[in-house]
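Here's the letter readout for the chains.
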Amino acid sequence: ILNVEQSPQSLHVQEGDSTNFTCSFPSSNFYALHWYRWETAKSPEALFVMTLNGDEKKKGRISATLNTKEGYSYLYIKGSQPEDSATYLCAFNTGGFKTIFGAGTRLFVKA
Amino acid sequence: NAGVTQTPKFQVLKTGQSMTLQCAQDMNHEYMSWYRQDPGMGLRLIHYSVGAGITDQGEVPNGYNVSRSTTEDFPLRLLSAAPSQTSVYFCASSYGASGAYEQYFGPGTRLTVT
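Just so you know, the protein sequences line up as chains Y and L, in that order.
Quick note: to get the working numbering, add 14 to the position in the first sequence (first position is 1).
Quick note: to get the working numbering, add 10 to the position in the second sequence (first position is 1).
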């Protein structure tokens with residue numbers, strides 16, 4: 015059974031802090047790794063998809079890296095803002111039709 | 011584009027009742043899927059479809075049926091509701107069936123089974 019682990023489960027930071035979270039996944043049969051942002055009372059929205067070892071993606075203050083050999087991805091937020099408060103999901107795919115989601119990291123940014 | 015739409019937003023059922031959760035997308039996406047979200051757990055795949063007329067089971071298919079008669083619609087049927095099916099249900103779609111495509115999610119249906 016494929017398992018995707020995210021840590022920490024939740025995180026409280028002050029406005030302006032930089033932060034990062036981890037997604038761990040099986041290193042064998044890797045095809046793609048996704049990050050989604052899920053605000054309360056809304057639907058998950060895609061942030062990044064990465065497919066190659068060493069991939070780095072960036073969108074504004076948010077960036078992500080991928081290490082497929084050791085099975086982890088980091089999501090970084092630079093200078094957190096209250097509007098960054100959300101649950102960040104990672105999702106792993108082995109090339110088939112099924113994507114496995116982690117339980118998410120819930121970020122709270124205090125003004 | 012409306013994107014992915016789901017109805018109803020909320021539903022309360024009694025044990026043993028059946029119902030259908032509706033999902034539609036207007037992006038001409040090939041791949042559609044149903045997930046359930048429970049506290050402390052990731053989104054779990056119930057069923058998916060890679061095109062009209064083609065469906066298959068996900069991780070947690072028991073108690074649910076799906077069909078895909080058109081590209082746009084992918085309804086999820088609860089055959090005989092049980093309290094264990096109390097959850098939030100999300101429908102999603104993506105351009106292709108390859109796992110490298112991002113999924114677009116609907117607003118969710120919150121289902122309570124008493």
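Since the hints were derived computationally from the structure, they do not count as laboratory data.
All values reported here derive from a predicted model rather than from experimental measurement.
Please note that the accuracy of each hint is not assured.
[What the hints assert, rightly or not] Coverage of chain L stretches by chain Y, computed from C-beta distances (three or more under 8 Å per stretch; other residues unrestricted):
hint: 1; region: 17-24
hint: 2; region: 44-57
hint: 3; region: 86-93
hint: 4; region: 111-119
[Claimed, not checked] In the SDA-like style, the derived pairs of lysine to any residue whose C-alpha atoms are separated by at most 25 Å in a straight line are:
hint: 5; chain 1: L; residue 1: K19; chain 2: Y; residue 2: S99
hint: 6; chain 1: Y; residue 1: K112; chain 2: L; residue 2: L23
hint: 7; chain 1: Y; residue 1: K56; chain 2: L; residue 2: T25
A virtual CB, placed ideally from N, CA and C, is assigned to each residue, including glycine.
We went through each hint and held it up to the structure:
For the region 17-24 of chain L, the stated coverage by chain Y is violated: 0 residues have a C-beta nearer than 8 Å to a C-beta of that chain, whereas at least 3 were required. Coverage of the region 44-57 of chain L by chain Y holds in this model, with 7 residues showing a Cβ closer than 8 Å to a Cβ of that chain against a need of three. With 0 residues having a Cβ less than 8 Å from any Cβ of chain Y, the region 86-93 of chain L misses the three-residue criterion, and the hint is violated. Proximity of the region 111-119 of chain L to chain Y, defined as three or more residues with a beta carbon under 8 Å from a beta carbon of that chain, is established by the 8 residues found.
Using a Cα cut-off of 25 Å, the hinted pair K19 of chain L and S99 of chain Y holds, with the two alpha carbons roughly 24 Å apart. At roughly 29 Å between alpha-carbon atoms, K112 of chain Y and L23 of chain L are farther apart than 25 Å, so this suggested pair is violated. With a C-alpha separation of about 28 Å, the suggested pairing of K56 of chain Y with T25 of chain L is violated against the 25 Å cut-off.
Of the numbered hints listed earlier, those contradicted by the structure are 1, 3, 6 and 7.
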